[in-house]
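Asker: Next come the chains, spelled out residue by residue.
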Amino acid sequence: MRVGVVTFPGSLDDQDARRAIQVAGGEPVALWHGDHDLKAVDAVVLPGGFSYGDYLRAGAIARFSPVMTEVIAAAEGGLPVLGICNGFQVLCESHLLPGALVRNDHRKFVCRDQGLRIERTDTAWTSGYTAAQEVTIVLKNGEGGYVADELTLDRLEGEGRVVARYLDVNPNGSLRDIAGISNERGNVVGLMPHPEHAVEALTGSGTDGLPFFTSVLTEVVGG
Amino acid sequence: MSLDTVKQAGETPEQSQPWAELGLKPDEYAQFHEILGRRPTSSELAMYSVMWSEHCSYKSSKVHLKQFGEKVTDEMRKPLLVGIGENAGVVDIGQGYAVTFKVESHNHPSYVEPYQGAATGVGGIVRDILSMGARPVAVMDPLRFGPADAADTQRVLPGVVAGIGGYGNCLGLPNIGGEVVFDPTYAGNPLVNALCVGVMRHEQIHLAKATGAGNQVILYGAKTGGDGIGGVSVLASETFEDAGPAKRPSVQVGDPFMEKLLIECTLEIFAEGIVSGIQDLGGAGLSCATSELASAGDGGMHVWLDRVPLRDSSLSPEEILMSESQERMMAVVEPAHVERFLEICAKWDVDATVIGEVTDTGRLRIEWHGELIVDVPPGTVAHEGPTYHRPFARPAWQDALQADVAEVLPRPQTGDELRATVLRLAASSNLCDKSWVTDQYDRYVQGNTVLAQPEDAGIVRVDDETGLGIAVSTDCNGRFAKLDPYAGAQLALAESYRNVAVTGARPLAVTDCLNFGSPEDPAVMWQFAEATTALADGCQRLGLPITGGNVSLYNQTGEQAILPTPVVGVLGVLDDVARRTPQGFREAGQQIYLLGTTREELSGSEWAHVVHSHLGGRPPAVDLDVERQLADILVNASRDGLIDAAHDLSDGGLAQALVESSLRYGVGCRVWLPDDLDPFVALFSESAGRAVVVVPRSEEVRFTDMCAARRFPHQRIGVVDGAAIDVQELFSLPLDELRTAWSATLPALFGP
Amino acid sequence: MARVVVDVMLKPEILDPQGKAVHGALDRIGLPGVVDVRQGKRFEIEIEGEVDDARIAEVAESLLSNPVIEDYTVRVDD
Amino acid sequence: MARVVVDVMLKPEILDPQGKAVHGALDRIGLPGVVDVRQGKRFEIEIEGEVDDARIAEVAESLLSNPVIEDYTVRVDD
Ligand SMILES: Nc1ncnc2c1ncn2[C@@H]1O[C@H](COP(=O)(O)OP(=O)(O)O)[C@@H](O)[C@H]1O
Ligand SMILES: [Mg+2]
Chain A
769 MRVGVVTFPG SLDDQDARRA IQVAGGEPVA LWHGDHDLKA VDAVVLPGGF
819 SYGDYLRAGA IARFSPVMTE VIAAAEGGLP VLGICNGFQV LCESHLLPGA
869 LVRNDHRKFV CRDQGLRIER TDTAWTSGYT AAQEVTIVLK NGEGGYVADE
919 LTLDRLEGEG RVVARYLDVN PNGSLRDIAG ISNERGNVVG LMPHPEHAVE
969 ALTGSGTDGL PFFTSVLTEV VGG
Chain B
74 MSLDTVKQAG ETPEQSQPWA ELGLKPDEYA QFHEILGRRP TSSELAMYSV
124 MWSEHCSYKS SKVHLKQFGE KVTDEMRKPL LVGIGENAGV VDIGQGYAVT
174 FKVESHNHPS YVEPYQGAAT GVGGIVRDIL SMGARPVAVM DPLRFGPADA
224 ADTQRVLPGV VAGIGGYGNC LGLPNIGGEV VFDPTYAGNP LVNALCVGVM
274 RHEQIHLAKA TGAGNQVILY GAKTGGDGIG GVSVLASETF EDAGPAKRPS
324 VQVGDPFMEK LLIECTLEIF AEGIVSGIQD LGGAGLSCAT SELASAGDGG
374 MHVWLDRVPL RDSSLSPEEI LMSESQERMM AVVEPAHVER FLEICAKWDV
424 DATVIGEVTD TGRLRIEWHG ELIVDVPPGT VAHEGPTYHR PFARPAWQDA
474 LQADVAEVLP RPQTGDELRA TVLRLAASSN LCDKSWVTDQ YDRYVQGNTV
524 LAQPEDAGIV RVDDETGLGI AVSTDCNGRF AKLDPYAGAQ LALAESYRNV
574 AVTGARPLAV TDCLNFGSPE DPAVMWQFAE ATTALADGCQ RLGLPITGGN
624 VSLYNQTGEQ AILPTPVVGV LGVLDDVARR TPQGFREAGQ QIYLLGTTRE
674 ELSGSEWAHV VHSHLGGRPP AVDLDVERQL ADILVNASRD GLIDAAHDLS
724 DGGLAQALVE SSLRYGVGCR VWLPDDLDPF VALFSESAGR AVVVVPRSEE
774 VRFTDMCAAR RFPHQRIGVV DGAAIDVQEL FSLPLDELRT AWSATLPALF
824 GP
Chain C
112 MARVVVDVML KPEILDPQGK AVHGALDRIG LPGVVDVRQG KRFEIEIEGE
162 VDDARIAEVA ESLLSNPVIE DYTVRVDD
Chain D
112 MARVVVDVML KPEILDPQGK AVHGALDRIG LPGVVDVRQG KRFEIEIEGE
162 VDDARIAEVA ESLLSNPVIE DYTVRVDD
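Residue numbers (this note's numbering), protein chains in the order written: chain A, 769 to 991; chain B, 74 to 825; chain C, 112 to 189; chain D, 112 to 189.
Bound-form chain A, shown alone (with noise of 0.2 Å):
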């Protein structure tokens, strides 16, 4: 079960997000921003970071990069891809996931180990949760605010797309408290807070980020 990690220049957190998918019994597999290539990977994570220095806006060149041409593609395909943080910046402003992510409401970084609820758990990076599952794991970032119209949201509400909400604090103004949202079919999925530092018992905000990356290799094998 190879999967991939992307990383731009300006990526932080590649590093990590490939020692989670060890840990969760995956083979990590480096992606480059330049390549045209996918390696024949069976899912790939954009990790956070600040793609590009985040100039501009979060995500907003990486998204030009020709390797997002191939996971564009690979995306609407069916394959599952992870957006972390910067990540789900870069999705957002592909458009393979709706609305925008938006300077923190309190206009400062955050890094903070925020409680989640998992909301939806039949997503390729979810079905490792229970649903409605309340978990720790660590947030950090400037541009996290989610944001999108009122229909947008109507309608990520009403089809179950909003994966994963905070719990007591909204760390960033996001509307709805949303921490994560799917596309339609549940293979993309773009979450602001950061699983990959909740792996190890010894460094991160403890283990409940494990099941992201354990979700989509039973999902992978048993599909």
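Straight-line Cα separation of at most 30 Å, DSSO-like style, residue types lysine-lysine; simulated pairs:
#1 B/Lys151 / B/Lys135
#2 C/Lys131 / D/Lys152
#3 D/Lys122 / B/Lys296
Simulated DEER-style distance windows between Cβ atoms:
#4 B/Gln168 / C/Asp163: 57 to 63 Å
#5 B/Pro483 / D/Ala168: 49 to 55 Å
#6 A/Pro834 / C/Lys122: 29 to 35 Å
#7 D/Arg186 / A/Glu795: 56 to 62 Å
Among the chain B residues that face chain A by a calculated CB cut under 10 Å, a handful are:
#8 Cys243
#9 Leu246
#10 Pro329
#11 Thr511
#12 Asn521
#13 Val650
#14 Arg653
Everything labelled a hint here was simulated from the structure, so no lab data went into it.
For each residue, glycine too, the CB sits at the ideal point set by N, CA and C.
Using the hints provided, position chains B, C and D with the ligands relative to the given structure of chain A.
Answerer: Just chains B, C and D with the ligands, lined up with the frame of chain A:
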């Protein structure tokens, strides 16, 4: 102005030059004539003036700093792979790994433009570490500001914090600790110190030297612009008189994205083993890099300065030599490897240009469009700057200051008064919750952070397989240093050392950032002399080498110098980070022990500062042998699994330590204070050499036996329990109430 | 040589925390009568040769702004 | 009601990393002839009543920009 060439300098000995405007003394200018046998060209003058400045030449401080290299023992030399004097020293941490770390100041720029000043401070220290061959793995930021409620602090602090976060987060370096201290003396003169730590394999150590005639000199990274050359623009102006306000900015804007690419690109180059020497470009830019590389190597370099890629084509050669544009590096590469070097740079979208060549002439020669504009012995630029023996004298006011002790001030007496004092101190700006600051920093990136703020030291894992890791802490109590600079510097060292040891790490090496007022004031110079002597003596006592550091002078507003602030960073090693000792109480029923001796030491304390706005008396006594014994106990207890938590006692004394350990996981304690002490003294004295530890019942006998065998003072003072700090017979303070007070302070001042 | 100026502002219905903060600061330091503040981005692009207006609009829409949250205006000064 | 527009740009001699990144992106996605890109901030301030030009300039200089690294321009549209 026409180009000032070497030839022209020889022919026009009488031409007047703006040496005074560049901050040079008449004898220094005369010395250039002696060295060169003619007047310097304007480019040479630019190089000498910047390299012989206080910042680059350490001219006021080096007579004192040299103790760091002299007071060394074999024990201190043992872990040293590279000593002081390189970009940063390197120590062996075992298993084939080496670590380099260093702290630097960016005080003045951060006052002028808080965000960019602080950001570029982080950028500079990271390149220093990178240039040793190491992958940077963490940063820390010791900060000092004026009063928290002062208007200017509202401008400076949020900008500085955002700048450190903005740069460090974007580089992907976890921020694992630092300090936030407020004192009126820092108003108008904030201290922004930045520490970086890096890791490499032994065989990857790189040095800044240009050897091998014919090897190519490559400048890579950002293009050169007119940054940070304010004063030198005078050289490029038509006449010195009409220079007017410098058109060139003295503040630089950082590009962390560029730096991230520079890091990855440089590490890939190191991995292929294709550089023979490397140097970062920091203060004094190309002047520094070329002269230092050349003088450390075979002694010669030829540079074609017009090849330097520019952001601003109007720059003069003098300005190019002085520019402090950020995110640049210089490498010396064998001709056979140049192509591959450029290829790797291209992969990372990093501009790289061959601008020079190593020679065996013993001269640094710089050409500008075919004309020779610099021809100097590089060592004279890099290392032969002046040495000042500045007068220093213990100030007359020191006696009066020390006589004005805090021990006589009115104290809280009743349980209620003590309770109110605990609460008031916990909410005071120096002791309150710092997460308003630290939550703006990514502490998790790279996935190796084992401990970070608010723990006593930050810990990062170095090796996934073996669990090898390092711990770092930085500390300094400037009030103690003001009361007694010698004792104060050793107290800073002791606190930092203790903070590393409480996490279970074995202290290994020291770095420092010496922030002081004007060296032209004999009182300040005395503080500096005392502090450096104290650190050299102290490190010898503790058996730790000083591997590097930084001096920042002229930190004062008018006549008012800052508190002497020798920030000390200590690095420690853990063979297995799984054994680390965290700070918080967690499991009810575990026993709380106080290690060390509490004396009536309240002068310079946080209590005197907050409650009485008082500073006077003598700081707590410091005994480094006691610190060594305490560290030994803490490290062994951690290794043998005898303790589950530990927290050192410093600012705010026992009371504040209990507050912090209780709030960490929301688990409180029941405490009985020793009968033989005034409860107020027991709670608020800031005696050094102490820590609280939490011992599981099952390990109590082994632990107390260990302390007894070493004759180290230890007493059981309580038990982990409940949701309050309950001091028997005196007061009970619910954690909810405490947390509200402790965490409200900074958001109330700086916004939600 | 032409200078193309692209102004990008958040759509009115999107919360603008930076504008709000500036508004608060203006009230505090005393600039009377401020009803609203919005903060956006300004790009100044120097172009040599022919300026292709349609292409610029495309770039402003796809790269320089995100139409989900932002509006833009383009002005060419020759 | 007046609208005051304050444009704040980094001084020409100061590095503009954002502009540089946008320049790179424009080259990659293909906008020919771009020589330079600078990215700045645009503030739109709605003011009710009298607009005090001198005070606005003061505010632009002290709050909206840092004159050490930035230049500003103010325009009032009534
Ligand atoms: N500017 C900062 N950046 C990162 N961490 C900080 C900063 N200021 C304080 N901290 C962290 O907050 C905690 C408490 O700080 P402090 O009270 O100075 O610790 P100590 O007394 O143990 O030295 C420590 O973990 C310290 O590293
Ligand atoms: Mg401590």
